[in-house]
Amino acid sequence: MSLDLLTYIFIGGSFALYIGIAVWARAGSTKEFYVAGGGVPPVANGMATAADWMSAASFISLAGLVSFIGRDGGAYLMGWTGGYVLLAMLLAPYLRKFGKFTVPDFVGDRYYSNTARIIAVVCTIVISFTYVAGQMRGVGIVFSRYLHVDINTGVIIGMAIVFFYAVLGGMKGITYTQVAQYCVLILAFTVPAFFLSLQVTGHFLPQIGLGATLDSGMSVLATLDKLSVDLGFAEYTAGKKSTIDIFCLTAALMAGTAGLPHVIVRFFTVPRVKDARTSAGWALIFIAILYTSVPGVAGFGRVNLIQTINGTDNTGTSYAEMPQWFKNWEKAGLLGWHDYNGDGKVQYAAGSAFNGPKGKPAFDGDARGEHGERAVTNAHANPTAKNGAPFANEVYVDRDIMVLANPEIAQLPNWVIALVAAGAVAAALSTAAGLLLVISTAISHDLMKTCINPNLSDKQELMYARLAAIVAICIAGYFGINPPGFVAQVVALAFGLASSSVFPVIVMGIFNKRMNKEGAIAGMIVGLGSTMAYMIYFTFMGGAKEDLFLGISTGGFGFVGMILNFIVAYVVSMMTPPPPAEVQEIVENIRVPRGAGAAHAH
Amino acid sequence: MSTQDNAQAYWSDNLRIIITYLSIWFVVSYVCGILLVDQLDAIPFFGFPLGFWIDQQGSIFVYVGLIWAYAISMNKLDEKYDVHE
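Residue numbers (numbering that gives the first Met the number 0), protein chains in the order written: chain Y, 0 to 601; chain G, 0 to 84.
Please note: incorrect hints may appear among the correct ones.
Label pairs and their calculated CB-CB ranges [as the list claims (entries may be wrong)]:
| # | chain 1 | residue 1 | chain 2 | residue 2 | range |
| --- | --- | --- | --- | --- | --- |
| 1 | G | Ile-42 | Y | Gly-368 | 18 to 26 Å |
| 2 | Y | Ser-241 | G | Trp-10 | 20 to 28 Å |
| 3 | Y | Ile-474 | G | Ala-68 | 37 to 45 Å |
Simulated pairs of lysine to aspartate or glutamate, DMTMM-like, Cα-Cα distance not exceeding 25 Å [what the hints assert, rightly or not]:
| # | chain 1 | residue 1 | chain 2 | residue 2 |
| --- | --- | --- | --- | --- |
| 4 | Y | Lys-239 | Y | Glu-545 |
| 5 | Y | Lys-273 | G | Asp-81 |
| 6 | Y | Lys-512 | G | Asp-37 |
| 7 | Y | Lys-273 | G | Asp-12 |
| 8 | Y | Lys-240 | Y | Asp-546 |
| 9 | Y | Lys-239 | Y | Asp-397 |
| 10 | Y | Lys-239 | Y | Asp-546 |
| 11 | G | Lys-75 | Y | Glu-587 |
| 12 | Y | Lys-512 | G | Asp-77 |
| 13 | Y | Lys-359 | Y | Asp-397 |
| 14 | Y | Lys-512 | G | Asp-4 |
| 15 | Y | Lys-326 | Y | Asp-149 |
| 16 | Y | Lys-544 | Y | Asp-71 |
| 17 | Y | Lys-512 | G | Glu-84 |
| 18 | Y | Lys-273 | G | Glu-84 |
| 19 | Y | Lys-357 | Y | Glu-587 |
| 20 | Y | Lys-326 | Y | Asp-365 |
| 21 | Y | Lys-512 | Y | Asp-108 |
| 22 | Y | Lys-273 | G | Asp-37 |
| 23 | Y | Lys-240 | G | Asp-37 |
| 24 | Y | Lys-544 | Y | Glu-587 |
| 25 | Y | Lys-385 | Y | Asp-229 |
| 26 | Y | Lys-273 | G | Asp-77 |
| 27 | Y | Lys-239 | G | Asp-37 |
| 28 | Y | Lys-357 | G | Asp-37 |
| 29 | G | Lys-79 | Y | Glu-587 |
| 30 | Y | Lys-357 | Y | Glu-584 |
| 31 | Y | Lys-225 | G | Asp-37 |
None of these hints come from the bench; they were simulated from the model.
Beta carbons: idealized from backbone N, C-alpha and C, even for Gly.
Using the sequences and the hints given, assemble the complete structure.
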């Protein structure tokens, strides 16, 4: 069967499954819409959390990132999993006991203040929108590459599917579709990973394969180090960023992970406090299956990529002989080649291939060059070989194609390629749905019901929730079709905001009974303000690298913002009156599991 | 013991458990995975430099273990203080 047909079958089949589940799990009340009625078994919630959490970034981009930056990618691997330890021990059980629907619910009630509540609503909405834009784009890329539709059409198809099950089913629909999506995405990630590992190392498990010894007598990692150094790259297993930068980046990603509203709300859906703890355990097991395969996929992918492009004799492969995947991705604009030395061969080495941001090629429309390659308009005038590489770099390879192209590079059967496409779509849709739900809940529940009109009936509130979900989907779709040119930085911003505002304010609310509204509000404003100012200054206003605070990059500054938040909140709370007795009682109450009951309305 | 005292004692035991597990979490992630990673890289571990392995894989296995150990410890603690559901 042709690849196209298989892709249609896999993606179409998975969509039919999601829609079927959505119809079966329609939400009839706000409780079902917001927290799936509070009766989700911990294993199912673990799977749903894993799918919710693992986005297009985890599925498509992470292995590519690790593949291209080597050791330093560990910050993302640790940061995006280690956050679950914080979540399980510091937040989830207590928030479950608190037993309302949203993060702003907790912040507003615990700090007896609608100002605090509204700051939390704003954080929730900003974090979720920045995140969702990238998901819609991911769906668009997969559709355009595999189903030969326009990226925009792909985005609209994705929107329609999410619309169907998020608006109809709310949290209940989302939870059970996410369980199905987890199964699709994990198969789609691990099956090619097994194949790749078996092919390169003879071991089934990529976790073990990465440590294996190749026929040449060298280990995979030593081979990677040698290949990298020969081509002028730094050693694969050596770190390039400063220790303090990696430290802060890891910490910010961990605290950010624990503070992401769409992940936190998943723990409101289980029946008991005890289930919140085990469901975090299940979630991390399901996440770890993918995350521990990533370093293997990254490593094997890099070896395959270098050897396919440069050939086994390391002199390059002529463009005419390049495999089809190279030309497909070139057509999609994610690969580019310019024959600097005029030998008709494609050569890959260190250094930027083109004179653009991140070395990206600017294509000259559909024009073709001498060898049939896409013509570029921003070739370097005098390209030079870097760091002792045998030739100047002629190729731009977008990091994001690594996972999607891997099965093609390794010449795996067509059904594996189709499965990967379905998996990437599942990863993007599941995360998008979770985020959209959080946005719609923040608007209907925290703004409409709690702040503006407490007399809303359950039915009216549900209607607002659905309306808000529709509006949110349209805005997300708009960002997917007209992506801001800075999606990657914007995702860093989401983690920065979560780690500098949501995470500390909740932790203090649980562990410091003396913390009052003045402290919490001051802390959030300082944490948020400093992190946003730092990121905006260095990302968009051309702040010089030398001016970075202690050399900490923007991604890691959320950690500094978090520390500032803690300090300011503590000092301010000490200078102002303690919280009222009934608030202190709430804190006493959430610290003890008994009496959680189902999540309740006001 | 009054309910109040019981809750206090439960909470301080809870804090002790959290501090123990988070110390392990910190040592594995930040001390082994980041601060001392170059020193640990000198030690070979099933074909990996040890620091690199902890950084990219080992830490994740430890996190899974920590959350489950925490969940089990807390279940026992809940029973001990009779605050379970």
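Here is how each hint holds up against the structure:
no.	hint	result
1	Ile-42/G <-> Gly-368/Y: 18 to 26 Å	50 Å, violated
2	Ser-241/Y <-> Trp-10/G: 20 to 28 Å	39 Å, violated
3	Ile-474/Y <-> Ala-68/G: 37 to 45 Å	42 Å, holds
4	Lys-239/Y <-> Glu-545/Y	17 Å, holds
5	Lys-273/Y <-> Asp-81/G	13 Å, holds
6	Lys-512/Y <-> Asp-37/G	41 Å, violated
7	Lys-273/Y <-> Asp-12/G	16 Å, holds
8	Lys-240/Y <-> Asp-546/Y	16 Å, holds
9	Lys-239/Y <-> Asp-397/Y	20 Å, holds
10	Lys-239/Y <-> Asp-546/Y	19 Å, holds
11	Lys-75/G <-> Glu-587/Y	20 Å, holds
12	Lys-512/Y <-> Asp-77/G	21 Å, holds
13	Lys-359/Y <-> Asp-397/Y	8 Å, holds
14	Lys-512/Y <-> Asp-4/G	16 Å, holds
15	Lys-326/Y <-> Asp-149/Y	18 Å, holds
16	Lys-544/Y <-> Asp-71/Y	19 Å, holds
17	Lys-512/Y <-> Glu-84/G	24 Å, holds
18	Lys-273/Y <-> Glu-84/G	8 Å, holds
19	Lys-357/Y <-> Glu-587/Y	52 Å, violated
20	Lys-326/Y <-> Asp-365/Y	13 Å, holds
21	Lys-512/Y <-> Asp-108/Y	14 Å, holds
22	Lys-273/Y <-> Asp-37/G	40 Å, violated
23	Lys-240/Y <-> Asp-37/G	13 Å, holds
24	Lys-544/Y <-> Glu-587/Y	47 Å, violated
25	Lys-385/Y <-> Asp-229/Y	10 Å, holds
26	Lys-273/Y <-> Asp-77/G	9 Å, holds
27	Lys-239/Y <-> Asp-37/G	12 Å, holds
28	Lys-357/Y <-> Asp-37/G	29 Å, violated
29	Lys-79/G <-> Glu-587/Y	18 Å, holds
30	Lys-357/Y <-> Glu-584/Y	54 Å, violated
31	Lys-225/Y <-> Asp-37/G	18 Å, holds
This entry does not satisfy hints 1, 2, 6, 19, 22, 24, 28, 30, going by the numbered hints stated previously.
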